[in-house]
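S.K.: Full structure from sequences and hints, please.
So the protein lines, in turn, are chains Y and L. Just so you know, we're using our numbering here: the first sequence kicks off at 1054 and counts up by one. Just so you know, we're using our numbering here: the second sequence kicks off at 1054 and counts up by one.
There's no promise every hint is true.
Claimed, not checked - Anything over 10 angstroms on all C-beta distances counts as not near chain Y; from chain L, calculated: (1) Thr1199; (2) Ala1322; (3) Thr1333; (4) Glu1427.
To be verified - Listed below are the simulated EDC-like cross-link pairs for lysine to aspartate or glutamate, each with C-alpha atoms no more than 16 angstroms apart in a straight line: (5) Lys1308(Y) / Asp1063(L); (6) Lys1349(L) / Glu1372(L); (7) Lys1308(L) / Asp1063(Y).
What the hints assert, rightly or not - Some residues of chain L that are not near chain Y, with every Cβ distance over 10 angstroms (derived): (8) Ile1164; (9) Lys1308; (10) His1335; (11) Cys1356; (12) Asp1357; (13) Leu1363; (14) Thr1425.
Read the hints as simulated data drawn from the structure, not as lab findings. Idealized CB from N, CA, C, for every residue including glycine.
2 protein chains.
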Amino acid sequence: MNYQFARRLDAAPESFLDRLFAVSRDPEIISFAGGLPMTSLIDVAGIRDAAAAVFADEGEAALQYTTTDGYLPLREYIAKRYRSRLGIPATADEIRITNGSQQCLDLTAKILVDPCTVVGMERPGYLGAIEAFSYYQPRFKTVEITEDGPDMAAFSSLCREERPAFFYGIPNFQNPSGTAYTDATRRECAECCRETDTIFYEDDAFGELAFDGRPRIPVKAYAPECGVMSGSFSKTVSPGMRIGWIYAPAPVIEKFDAVRQAADLHPNALSQAVIYRYLTTHDYEGHLERVRRVYKKNCRQMCDLLDDLLPDVTHTTPEGGMFMLATMPEGKDSMALFQACLKEQVAVLPGVPFYAEGGGRNTFRLNFSAATEEEIEKGMRQLKQAYQRCGTR
Amino acid sequence: MNYQFARRLDAAPESFLDRLFAVSRDPEIISFAGGLPMTSLIDVAGIRDAAAAVFADEGEAALQYTTTDGYLPLREYIAKRYRSRLGIPATADEIRITNGSQQCLDLTAKILVDPCTVVGMERPGYLGAIEAFSYYQPRFKTVEITEDGPDMAAFSSLCREERPAFFYGIPNFQNPSGTAYTDATRRECAECCRETDTIFYEDDAFGELAFDGRPRIPVKAYAPECGVMSGSFSKTVSPGMRIGWIYAPAPVIEKFDAVRQAADLHPNALSQAVIYRYLTTHDYEGHLERVRRVYKKNCRQMCDLLDDLLPDVTHTTPEGGMFMLATMPEGKDSMALFQACLKEQVAVLPGVPFYAEGGGRNTFRLNFSAATEEEIEKGMRQLKQAYQRCGTR
Chain Y
1054 MNYQFARRLD AAPESFLDRL FAVSRDPEII SFAGGLPMTS LIDVAGIRDA
1104 AAAVFADEGE AALQYTTTDG YLPLREYIAK RYRSRLGIPA TADEIRITNG
1154 SQQCLDLTAK ILVDPCTVVG MERPGYLGAI EAFSYYQPRF KTVEITEDGP
1204 DMAAFSSLCR EERPAFFYGI PNFQNPSGTA YTDATRRECA ECCRETDTIF
1254 YEDDAFGELA FDGRPRIPVK AYAPECGVMS GSFSKTVSPG MRIGWIYAPA
1304 PVIEKFDAVR QAADLHPNAL SQAVIYRYLT THDYEGHLER VRRVYKKNCR
1354 QMCDLLDDLL PDVTHTTPEG GMFMLATMPE GKDSMALFQA CLKEQVAVLP
1404 GVPFYAEGGG RNTFRLNFSA ATEEEIEKGM RQLKQAYQRC GTR
Chain L
1054 MNYQFARRLD AAPESFLDRL FAVSRDPEII SFAGGLPMTS LIDVAGIRDA
1104 AAAVFADEGE AALQYTTTDG YLPLREYIAK RYRSRLGIPA TADEIRITNG
1154 SQQCLDLTAK ILVDPCTVVG MERPGYLGAI EAFSYYQPRF KTVEITEDGP
1204 DMAAFSSLCR EERPAFFYGI PNFQNPSGTA YTDATRRECA ECCRETDTIF
1254 YEDDAFGELA FDGRPRIPVK AYAPECGVMS GSFSKTVSPG MRIGWIYAPA
1304 PVIEKFDAVR QAADLHPNAL SQAVIYRYLT THDYEGHLER VRRVYKKNCR
1354 QMCDLLDDLL PDVTHTTPEG GMFMLATMPE GKDSMALFQA CLKEQVAVLP
1404 GVPFYAEGGG RNTFRLNFSA ATEEEIEKGM RQLKQAYQRC GTR
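M.R.: Dropping the structure here:
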């Protein structure tokens, strides 16, 4: 049998995520490579009780087919939270429930990207987005991310000269760098998008994980008609239940519904009902505060150990989220570091797959949300051993 | 804001599924238009107990990120069932868990179909497949389905002359017609696929719903390397939990994994664990027998009422599944019937969207799995009223 596959598969990068998840599940290895929220912070008892209540009150509906748009009470909850927390006039009509926010990436590209369409990305940018978009065969154009957000001169040139289908960014505690856009940068991005009819795809997987709990105003607040946002309960409640959402203007939602239905009919009815029940009957704010406190402590610990143990490695200093980016001196190769790390029973993620136009060889991503204090202490010392053993290219 | 959407959206047919689900949820209307399993047959208590056991034993794992391939015990269960029930040597390595079998349709097209690639379909064929495939801009070539399966001369010509990326069929109790391929036709299809290097995509959503409980040997059994099968627990356990699977040769699985990960990372961890627990701790065979008995009774009742009330309408006589296809005399228009039906508070599904190359104007689909005996009795009389009122084109 001679299998003939579609040409779009040639456009996809080698997938790192699988190897990453595989490594992060080997119990012998201390993994800073993955992107898991801390398992012990998942409120298993709370979610169990929410599930029991759903089975008791609405079991049949939660197990039957439902609508493509998603569970209305959950969409209303999300809209209300946008209104009360961020002051933006979201309504349930503009929100659709998805299988995590990863599905938003796939389906947004499906409705916006033809082969050779330009897609704007951050440099470095989220590798899961690069993978999702790649199957629609775009031309990636990247803009460097500084501590303040995208380089605005480059962002403006991109929007004006390349007319991207959209620019994909993570203004809050980006994956992989952990940096956040300043408010001024958000306003400038919005203004530029409005002037150039550019969609700003704002991945807000980490907005609730600001260490200080302070809401940051999204780019979409300053240019609602240009803004497509996605969010997720994966980092805050449970990744395994795969509940995220998209928040977008009506013309985008209409197309999104069509491709969503063709993709897998509708979101998981049980998970939607359970998450909604959990959010409305448990102390979600208290839960978020616990998560933020632990991640802040972990992040500070990791930054301090990096400074102490690897003084010639620079790093970002996140104010939220789950990741930081480390940069080794020029000539160092993070793939070599990755291999050396595995020998020391520790894992970091090489930065290369985050650079859609190449580069980043001397960078690596560190996750600080999954490990305990003891694991961070031990793992960072193992990282130091690996770093010292691995030479320069 | 001027939104520019991708060209692939122009290729998609107007979506009927949403209207269909909307109608099927209006409590005033007796709906034969949808595709819901009977709600009262969903084992809410059994699934509730399975969920409680999962939370007790493996709650953290069921709520955390997991792997793209799916929950190994569930994949092993499915493989074992293929081996014991159908005598085909399936292994867990060849099986991936998906969000219902609809996701298999989307992702299989994603790995196999470029714009203008030929895709073979049954005529009539499942409209959800037509919708899913359409976004990859194929050229559909259809083969008429008879009471024995596809017209073999046309099937053979299609494979030999058009070299389709795959042929999509539902050999067991097809949607929309309810017909099944004979064993001879299955062998002939397999032989032709092997000779022409054609993939046979065998959607087996209904195989467990044979009224007599007798397993039918799949086409894939006769040509394993050509066979891509999909299955689902939506018709047998719970649609709302969105658990289906694909069973395919290794080279297909490898590509499938890559696009699945980009699409939404991995299947719902909680639903997978709960379904597995349910299957292995409850009387699944007894449950299936109950479902088969009710659907058989409903189907017979509906066939008899059609014969009595609408003698000039012909119809298929399914031996399983959830659907039958009715054909009105030439000149009758099922869209007009659909409108007349809504006035009588009953719903049927016009056949047109099942014909990827056009036609089928005088056909409509009837679902017999969702309604009670009383609803079928009443609804069929309302259908008669609607039919008598709606004229000829």
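S.K.: Taking the hints in turn, state whether each one holds.
M.R.: So, going through the hints one by one against the coordinates:
1. Thr1199: holds (28 angstroms)
2. Ala1322: At roughly 3 angstroms from the nearest Cβ of chain Y, Ala1322(L) sits no farther out than 10 angstroms, so the non-interface label is violated.
3. Thr1333: Consistent with the label, Thr1333(L) stays out of reach of chain Y, its closest Cβ about 18 angstroms off (over 10 angstroms).
4. Glu1427: Label holds. Min Cβ-Cβ 19 angstroms, cutoff 10 angstroms.
5. Lys1308(Y) / Asp1063(L): holds (11 angstroms)
6. Lys1349(L) / Glu1372(L): Holds - the C-alpha atoms of Glu1372(L) and Lys1349(L) are around 8 angstroms apart, at most 16 angstroms.
7. Lys1308(L) / Asp1063(Y): The hint holds at about 11 angstroms.
8. Ile1164: violated (6 angstroms)
9. Lys1308: Its Cβ does come within 10 angstroms of chain Y, the nearest being 6 angstroms, so this is violated.
10. His1335: holds (14 angstroms)
11. Cys1356: holds (25 angstroms)
12. Asp1357: Fine: 28 angstroms to the nearest Cβ keeps Asp1357(L) off the interface.
13. Leu1363: holds (28 angstroms)
14. Thr1425: holds (14 angstroms)
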